[in-house]
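Residue numbers (the UniProt record's numbering): 1 to 148.
Warning: the hint list may mix true and false statements.
As the list claims (entries may be wrong) - SDA-like, lysine to any residue: derived pairs with alpha carbons at most 20 Å apart:
| id | residue 1 | residue 2 |
| --- | --- | --- |
| 1 | Lys116 | Ala36 |
| 2 | Lys116 | Val47 |
| 3 | Lys124 | Ser46 |
None of these hints come from the bench; they were simulated from the model.
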Amino acid sequence: MALIDTVMATLHLVVGGLWTGSVLFFALAVLPTARAGNIRAAAFESVVSRLTMWSRGASLVMFATGGHLAGTRYTAESLFGTGRGHLVLGMLVLWFVLTGLVEVGRSRAKDGLAEKKVRTPAEKAAPFYLGAALVAVLLLVDAGLLLN
Numbered sequence: 001m002a003l004i005d006t007v008m009a010t011l012h013l014v015v016g017g018l019w020t021g022s023v024l025f026f027a028l029a030v031l032p033t034a035r036a037g038n039i040r041a042a043a044f045e046s047v048v049s050r051l052t053m054w055s056r057g058a059s060l061v062m063f064a065t066g067g068h069l070a071g072t073r074y075t076a077e078s079l080f081g082t083g084r085g086h087l088v089l090g091m092l093v094l095w096f097v098l099t100g101l102v103e104v105g106r107s108r109a110k111d112g113l114a115e116k117k118v119r120t121p122a123e124k125a126a127p128f129y130l131g132a133a134l135v136a137v138l139l140l141v142d143a144g145l146l147l148n
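From just these sequences and the hints, can you work out the full model?
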């Protein structure tokens with residue numbers, strides 16, 4: 001394996017782990033706190049904004065590194081004709097869904113945060129962030145299956 005392949009694989013795994021972990025932490029720790037009204041609007045808005053920016057950056061890194069890995073390890077036939085290839089394609093779909101859910105969650109939360117409210121925006125955004133958490137878990141399971 002060439003050095004570039006090692007760097008790409010490492011970057012892919014680290015960024016993927018941090019991204020899914022940040023979405024899970026937000027959905028399971030920050031969001032319940034906001035839904036209970038135990039966080040200030042400015043702090044919640046800052047965390048939502050940082051999660052969104054991190055998600056955007058991570059999705060670009062994941063696309064680039066994953067594209068490199070898929071391009072060097074798979075052919076079109078093996079991507080579309082094998083179980084491992086299907087796991088890779090499934091991961092690609094899940095990354096897009098995760099990005100979309102975080103973006104929609106931000107949009108739902110942002111509306112009420114402009115009025116310095118917390119509970120209502122958190123409630124409106126909750127289904128999307130909780131969906132993103134589920135997708136994050138599915139991505140981790142998919143990655144685990146690819147390790148075999």
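Hints, one by one, checked against the model:
1. Lys116 - Ala36: 15 Å, holds
2. Lys116 - Val47: Answer holds: Lys116 to Val47 is near 14 Å, not above 20 Å.
3. Lys124 - Ser46: 17 Å, holds
Checked against the numbered hints listed earlier, the structure breaks none of them; every hint is satisfied.
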